[in-house]
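*Asks:* As they're listed, the protein sequences go chains Z and H. Okay, so the first sequence: first residue is 1 according to the numbering used here, each after it adds one. Okay, so the second sequence: first residue is 1 according to the numbering used here, each after it adds one.
Watch out, some of these pointers could steer you wrong.
Claimed, not checked - Ranges between beta-carbon positions, derived for each pair:
#1 H:Arg95 with Z:Gly30: 43 to 49 Å
#2 H:Asp187 with Z:Leu74: 42 to 48 Å
#3 H:Asn170 with Z:Trp126: 46 to 52 Å
#4 Z:Gly65 with H:Ala115: 49 to 55 Å
What the hints assert, rightly or not - Which residues of chain H face chain Z? A few of them, derived with a C-beta cut under 10 Å, are:
#5 Lys2
#6 Tyr5
#7 Leu7
#8 Leu9
#9 Arg17
#10 Phe82
#11 Gly83
#12 Lys86
#13 Leu89
#14 Pro92
#15 Phe96
#16 Ile98
Stated by the list, open to error - Okay, derived cross-link-like pairs now, DMTMM-like style, lysine to aspartate or glutamate, Cα gap no bigger than 20 Å in a straight line:
#17 H:Lys2 with Z:Glu96
#18 Z:Lys141 with H:Asp79
#19 Z:Lys141 with Z:Asp131
#20 Z:Lys134 with H:Glu97
#21 Z:Lys213 with Z:Glu185
#22 Z:Lys213 with Z:Glu71
#23 H:Lys13 with Z:Asp131
#24 H:Lys13 with Z:Glu90
#25 Z:Lys224 with Z:Asp184
#26 H:Lys13 with Z:Glu197
Source of the hints: derived by calculation from the structure; they are not laboratory data. Using N, Cα and C, we set each Cβ at its ideal position, and we do this for glycine too.
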Amino acid sequence: MAAIIEARDLVKEFDGFAAVDHISFAVSAGVIFGFLGPNGAGKTTTIKMLTTVLAPTSGWLRIAGHDPVREPLLVRRSFGIVFQDPSLDEELTAYENMELHGVLYDLPRPVRRQRLEALLRLVGLWERRGDYVKRFSGGMKRRLEIVRALQHQPRILFLDEPTSGLDPQTRNQIWDFIRGLSRDETVTVFFTTHYMEEAERVADEIAVIDHGKIIAQGSAEALKYQTRGRTLEEAFIALTGHSIRAEEAAPVDRMRMMRRVWRR
Amino acid sequence: MKAVYILWLRQLKRYSRSRTRVIGSLGQPTLFLLTLGYGFGPIFARAGAGDYLQFLAPGIVTMGILFSAVFSGIEIIWDRQFGFLKATLVAPVSRFEIVLGRTLGGATVALIQGAIVFVVCLIAGFRVVHPLLLPLAVAFMVLIAVFCTAIGTVVGSVLHDMQGFQLIMNFIVLPLFFFSSALFPLDGLAKPLQIAVRLNPLTYGVDGLRGALSRGFALGVVTDLAVLAALAAVLLAIGAYLFSRIEL
Chain Z
1 MAAIIEARDL VKEFDGFAAV DHISFAVSAG VIFGFLGPNG AGKTTTIKML TTVLAPTSGW
61 LRIAGHDPVR EPLLVRRSFG IVFQDPSLDE ELTAYENMEL HGVLYDLPRP VRRQRLEALL
121 RLVGLWERRG DYVKRFSGGM KRRLEIVRAL QHQPRILFLD EPTSGLDPQT RNQIWDFIRG
181 LSRDETVTVF FTTHYMEEAE RVADEIAVID HGKIIAQGSA EALKYQTRGR TLEEAFIALT
241 GHSIRAEEAA PVDRMRMMRR VWRR
Chain H
1 MKAVYILWLR QLKRYSRSRT RVIGSLGQPT LFLLTLGYGF GPIFARAGAG DYLQFLAPGI
61 VTMGILFSAV FSGIEIIWDR QFGFLKATLV APVSRFEIVL GRTLGGATVA LIQGAIVFVV
121 CLIAGFRVVH PLLLPLAVAF MVLIAVFCTA IGTVVGSVLH DMQGFQLIMN FIVLPLFFFS
181 SALFPLDGLA KPLQIAVRLN PLTYGVDGLR GALSRGFALG VVTDLAVLAA LAAVLLAIGA
241 YLFSRIEL
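Throw the hints in and build the complete structure from the sequences for me.
*Replies:* In structure tokens form, the structure reads like this:
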């Protein structure tokens with residue numbers, strides 16, 4: 001099948017430090033592709049380049065046949081994205097968040113209305129559409145973000161650590177939902193994770209990234225076979241020489257507190 | 001252009017839902033109006049300069065717009081921290097439309113805020129001298145709002161977090177206000193202060209608003225309009241440029 005995401009020798013340097021260091025990969029249309037690596041490996045930097053918000057230092061890139069640097073608007077139409085941290089407007093309702101997104105993507109009103117209702121029903125948020133997002137739980141916000149990203153029927157769905165910070169039960173729900181989507185909506189899914197078991201369970205294909213370089217690529221089975229590891233965890237340690245590092249607390253929590261004080 | 005509209009609407013919704021913000025930002029102008037207006041009133045009158053409240057009120061309306069507008073612009077920083085900015089930057093709309101929608105939204109909010117301060121001034125005893133010039137007063141308020149929101153856009157596009165908040169307050173917002181003719185008349189000032197006040201764009205806004213509402217223009221209505229409109233356009237352009245260069 002044709003590749004819908006293609007990267008060759010992609011590099012991103014920050015002040016001489018290569019956060020992404022000559023990586024090449026291709027993602028076929030319709031698959032679920034997992035980008036696995038520890039924090040700071042270059043996953044988010046890669047996603048930013050794929051989604052037009054960061055220009056690569058060098059390399060060749062095509063998203064749905066277009067160059068993200070030269071044709072950003074065409075590329076942006078082709079994908080939906082769920083960021084690592086929430087990106088909803090918490091002062092608006094679920095419905096308003098969806099509506100704002102639909103208008104930004106220039107969907108005609110009837111399409112917007114119909115799509116919005118179908119998607120909110122799909123994730124069980126239709127009854128809560130009039131509630132402010134700030135009243136939602138972490139799992140509800142994540143569900144809302146995922147369907148928001150799907151509203152314009154993108155060909156690719158980028159998910160940056162879609163389940164970080166969620167409890168195991170909610171994580172399962174989210175993944176079941178995403179797998180269903182990839183089937184029913186025929187959308188290509190590109191996700192990053194540092195959870196080994198998620199990559200193994202969900203992805204058709206995995207690229208392992210560490211220190212800005214892709215060190216292995218293939219199905220979970222192939223990676224395990226290649227390293228003679230019994231689990232993907234063992235395969236990862238065999239490939240990188242270390243286990244996956246623990247997650248750090250984000251400075252955004254501190255900001256949240258500051259805002260509350262300021263707003264008072 | 002639909003994108004501009006929906007982002008403008010978002011700012012208005014957020015504003016109208018935040019009652020604390022509406023009330024909170026009224027506190028300072030009201031305090032200034034009541035203490036300075038009534039406090040210095042007798043001295044001002046004794047010096048033969050007329051009714052101080054009539055002089056001060058347009059300056060206080062400007063203050064209300066200034067504070068509200070700069071902070072509407074700075075909301076970019078919050079949106080960056082809370083992620084909403086990312087969501088708009090990956091949407092298939094140009095950065096220019098985004099920054100335009102945001103700035104117009106912020107300016108509209110500031111304008112409403114200014115109108116509320118104006119009503120407070122009326123309650124405090126301010127009287128409009130030339131009702132026919134009210135449309136001109138509104139035009140000045142719009143220009144002040146756009147100018148100040150653009151300042152906020154510039155700052156918000158450059159700063160990444162609210163650590164610089166005090167810096168903005170003490171080195172941009174308060175000097176703009178105090179070094180304008182909001183609190184004192186232009187004539188008879190010491191030379192250095194005179195120069196500072198003349199160089200301050202907000203002086204032209206205050207003068208225009210005061211001219212239209214109560215006391216006549218000290219600098220000339222055409223100068224006021226031209227300077228303010230030109231600087232608002234320049235700052236809008238700078239803001240749009242800096243916003244377009246935001247990397248996440």
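*Asks:* So, for every hint listed, does it hold in this structure?
*Replies:* These are the hints, each one checked on the structure:
1. H:Arg95 with Z:Gly30: 43 to 49 Å: The hinted range 43 to 49 Å is violated for Arg95 (chain H) and Gly30 (chain Z), with Cβ atoms some 32 Å apart.
2. H:Asp187 with Z:Leu74: 42 to 48 Å: 60 Å, violated
3. H:Asn170 with Z:Trp126: 46 to 52 Å: 48 Å, holds
4. Z:Gly65 with H:Ala115: 49 to 55 Å: Since Gly65 (chain Z) and Ala115 (chain H) have Cβ atoms about 51 Å apart, the given range 49 to 55 Å holds.
5. Lys2: At 5 Å from the nearest chain Z Cβ, Lys2 (chain H) passes the 10 Å test, so the hint holds.
6. Tyr5: Tyr5 (chain H) check passes; min Cβ-Cβ to chain Z is 8 Å, inside 10 Å.
7. Leu7: 8 Å, holds
8. Leu9: 8 Å, holds
9. Arg17: For Arg17 (chain H), the interface hint holds, since the closest Cβ of chain Z sits about 6 Å away, which is under 10 Å.
10. Phe82: 7 Å, holds
11. Gly83: Holds: closest Cβ of chain Z sits about 4 Å from Gly83 (chain H), inside 10 Å.
12. Lys86: Holds, because the Cβ-Cβ distance from Lys86 (chain H) to chain Z comes to roughly 5 Å (cut-off 10 Å).
13. Leu89: 6 Å, holds
14. Pro92: Nearest chain Z Cβ about 4 Å off; hint holds.
15. Phe96: Given a least distance of 12 Å, the restraint on Phe96 (chain H) is violated.
16. Ile98: Holds. Min distance 9 Å.
17. H:Lys2 with Z:Glu96: 15 Å, holds
18. Z:Lys141 with H:Asp79: 17 Å, holds
19. Z:Lys141 with Z:Asp131: The given pair, whose Cα atoms are some 12 Å apart, holds under the 20 Å limit.
20. Z:Lys134 with H:Glu97: Violated, because 27 Å separates the two Cα atoms, which is more than 20 Å.
21. Z:Lys213 with Z:Glu185: 32 Å, violated
22. Z:Lys213 with Z:Glu71: 26 Å, violated
23. H:Lys13 with Z:Asp131: 14 Å, holds
24. H:Lys13 with Z:Glu90: Distance of about 12 Å is within 20 Å: holds.
25. Z:Lys224 with Z:Asp184: Roughly 29 Å between the alpha carbons, so the hint for Lys224 (chain Z) and Asp184 (chain Z) is violated.
26. H:Lys13 with Z:Glu197: 42 Å, violated
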